[in-house]
Amino acid sequence: MSTAPVETQKPAKITVQGLRKSFGANEVLKGIDVQIGEGEVVCIIGPSGSGKSTLLRCLNKLEEISAGQVVVDGFDVTDPKVDINEVRRHVGMVFQHFNLFPHMSVAENIMLAPVELKKATKAEAREQALKLLDRVGLRAKADARPASLSGGQKQRVAIARALAMSPGIMLFDEATSALDPEMVGEVLQVIRDLADEGMTMVLVTHEMGFAKEIGDRVVFMADGVVCESGPPSELFGNPQQERTKEFLSKVL
Amino acid sequence: MTQEDERDLKTPVSTGHSWPRVRALLGVVLGLLLLLGGVGSAMAQTSDSGVEGKTFVIGTDTTFAPFEFRQDGELTGIDMDLIRAIAESEGFKVEIRSLGFNAALQALTSNQVDGVIAGMSITDERKQVYDFSEPYFESGIQMAVARNNDDIKGYEDLKGKTVVAKTGSEGETYAKSIAGKYGFTVKSLDQSATMVESVKSGSAAAVFDDYPVLAYGIAQNSGLKAVTDKVPGGSYGFAVNKGKNTALLGAFNDGLAKMKANGEYQKILDKYLADPTAAAPSTFWDLLVKSFPALMSGLKNTLLVTIISFAVAMALGLLAGFMKISRNILLRGIATTFVNVFRGTPLLLWAFMFYFGIPQLIGQPINIWVAGVLTLSLNSGAYVAEIVRGGIQSVDPGQLEASRSLGLGYGKSMQKVVVPQAFKMMTPSLINQLIIMLKDSSLLLAIGFAELLYQGQQIYAANFRVTETLLIVGAIYFIAIMALTKLANFADRRFNK
Ligand SMILES: Nc1ncnc2c1ncn2[C@@H]1O[C@H](COP(=O)(O)OP(=O)(O)OP(=O)(O)O)[C@@H](O)[C@H]1O
Ligand SMILES: [Mg+2]
Chain A
1 MSTAPVETQK
11 PAKITVQGLR
21 KSFGANEVLK
31 GIDVQIGEGE
41 VVCIIGPSGS
51 GKSTLLRCLN
61 KLEEISAGQV
71 VVDGFDVTDP
81 KVDINEVRRH
91 VGMVFQHFNL
101 FPHMSVAENI
111 MLAPVELKKA
121 TKAEAREQAL
131 KLLDRVGLRA
141 KADARPASLS
151 GGQKQRVAIA
161 RALAMSPGIM
171 LFDEATSALD
181 PEMVGEVLQV
191 IRDLADEGMT
201 MVLVTHEMGF
211 AKEIGDRVVF
221 MADGVVCESG
231 PPSELFGNPQ
241 QERTKEFLSK
251 VL
Chain B
1 MTQEDERDLK
11 TPVSTGHSWP
21 RVRALLGVVL
31 GLLLLLGGVG
41 SAMAQTSDSG
51 VEGKTFVIGT
61 DTTFAPFEFR
71 QDGELTGIDM
81 DLIRAIAESE
91 GFKVEIRSLG
101 FNAALQALTS
111 NQVDGVIAGM
121 SITDERKQVY
131 DFSEPYFESG
141 IQMAVARNND
151 DIKGYEDLKG
161 KTVVAKTGSE
171 GETYAKSIAG
181 KYGFTVKSLD
191 QSATMVESVK
201 SGSAAAVFDD
211 YPVLAYGIAQ
221 NSGLKAVTDK
231 VPGGSYGFAV
241 NKGKNTALLG
251 AFNDGLAKMK
261 ANGEYQKILD
271 KYLADPTAAA
281 PSTFWDLLVK
291 SFPALMSGLK
301 NTLLVTIISF
311 AVAMALGLLA
321 GFMKISRNIL
331 LRGIATTFVN
341 VFRGTPLLLW
351 AFMFYFGIPQ
361 LIGQPINIWV
371 AGVLTLSLNS
381 GAYVAEIVRG
391 GIQSVDPGQL
401 EASRSLGLGY
411 GKSMQKVVVP
421 QAFKMMTPSL
431 INQLIIMLKD
441 SSLLLAIGFA
451 ELLYQGQQIY
461 AANFRVTETL
471 LIVGAIYFIA
481 IMALTKLANF
491 ADRRFNK
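Residue numbers (our numbering), protein chains in the order written: chain A, 1 to 252; chain B, 1 to 497.
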């Protein structure tokens, strides 16, 4: 990457300090502190409405940040002088409902950012798109329209698209929640591969089994604060907080 | 100012002047504009020393058969023959401007024309602002009934019946003055041709109108016959601005006297007011063939003004549509005001405003194309803005988020991701808007824009074949709109795959 992060020795990819976020009078995030290291896979779990998506969306500033500091890949995203578009090129995001561009082919979806941001010519971008499609096992669908794909295929394309700018961080917001059960596996496999390659990832998920398997750390959120966090074996095996126990007893 | 919303004794055959309420409102608006802006000053000044070899600009109405109207595209009629003959005998030249009655008088007031001949009654009010020639025509009111009606021979036979007269005309005043005595009802209509149709179709028993207008219609096979003697009415005169162009006025009087003496004058009257036996009835095919060139030029103008206006409306609408969804409260306010103003007011009002109001404000006439395009595009632009806003807002917000999360800026994301999808959803509404505009463009006939329906009116004002002419005009609109729809749908399929 040309614009290298400034942190050198102890590589923290994401630092969140005192993050607060309100929608009008409704305070959704009430002071969040989280650090995520290079290559770490962090799963965020918690009840509905606890602010998981909002936290994730603050990391690439899809939501305006009310207070606190968020540093991503060395960029202070709360600093108005920082070019947020530049930061976002370092952070891939995958949405629950895929959000593929329906008026473009699968390959064009992936090529859009590299071509428009002048990172590659059309030919190079297509070459790269085909490689990414190979990684998610969908090379044959390069020229199909998103509408003709199954949910699992759509999400794999969305992951390939998020990887197109070669980001150092990937964010997943319930990437499998909108899928039929038989398609969950194929998407999880792609995410697993990314983890194996050492990608720094933050996943909001309801798949507790997957969080246990893939997470280096699990963060449990409730009512806009981080209630408890730790390695999956500890958090799932020996939760310390009442809220955590109560939540886990419902979902496990 | 008094002359422009008053036509009292004057009765146009075509439309354009008979919108009393709109005119009254316009009068108020114009009054205000005048106060603000003042009237433009002298333009067509001519020295008052003799007329020989000079060229005078003469304003007239668009259509007031048989005094001025178009036949095969040429301006003709009693007024036209008269002024041209007088010009020839007195050795000056005339340049005729067919402006419409009110516009011609305004042009005279602001010295943009040297004189006006437009079947204008000489009134005391007008005498205060203009100098009139000797009367060149004595008008009067007559009653006419359907040719095959042998029951109504006079006012006594009207008991319990309904008659028609033209709104604001002397015929109306007269009919109302005797309605009580003879026990009939007066219904006011806007156009001579519609009055004739009412009588022929039996919805009215008789029509009261200026005798030359009736006589000309009868000569054109309007299907009526006059049954009463004419009641003497106003007399028509040629007018110049008060104290200006006295030589021209003198020359007119001189020439008129000569023509009356040598019989030329009577010849001109006979040419237009002669007995019906002269006109041979023609077939539908004849009508079609004769009216086709004028209608095609009307269609050309209709299409051209629609296409230009739609292009402008698209630009305006896109701009206002984006402004409406902008985060800037000022931009949003401007766009919302624009949309509300033009959606909340009638198209016709703006046509009058741009064509009659703006010239008062800026002191010079506005090109009718400019007025027409402004009217149509501002109105349509307001609707396009709403279509654009709706189209963009109907695109899933997740699309913009996905694009932004890739690092594309707001503009690029709009351009590459949101707008193409919005446009696809907008296309049917936009095609609809285009077709509405094409039809709405016919309203421009009210300011004398020579579009398709206007041409149709000109034709039936002269030949009284209302139904057949309207059928032809309707068929042309229908074909044009079908063709346009097909074209638009083809383009839609082509570009919005
Ligand atoms: N754009 C918004 N405007 C107003 N309130 C919002 C907005 N987005 C989220 N909220 C509110 O913020 C709170 C947290 O929402 P968030 O989506 O972060 O929860 P979540 O933990 O992701 O829940 P879920 O598991 O249901 O996805 C909720 O009460 C929600 O109603
Ligand atoms: Mg959520």
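Keep in mind that the hints were calculated from the coordinates and are not lab data.
We treat Cβ as the ideally placed atom computed from N, Cα and C, and that holds for glycine.
A hint or two may mislead.
What the hints assert, rightly or not - Simulated coverage check for chain A against chain B, where a stretch passes if three residues somewhere in it have a Cβ under 8 Å from a Cβ of chain B:
id : stretch
1  : 100–111
2  : 161–170
3  : 237–244
Each hint, compared with the structure:
| no. | hint | in the structure |
| --- | --- | --- |
| 1 | 100–111 | holds (count 4) |
| 2 | 161–170 | holds (count 4) |
| 3 | 237–244 | violated (count 0) |
Against the hints set out earlier in the document, a violation occurs for number 3 only.
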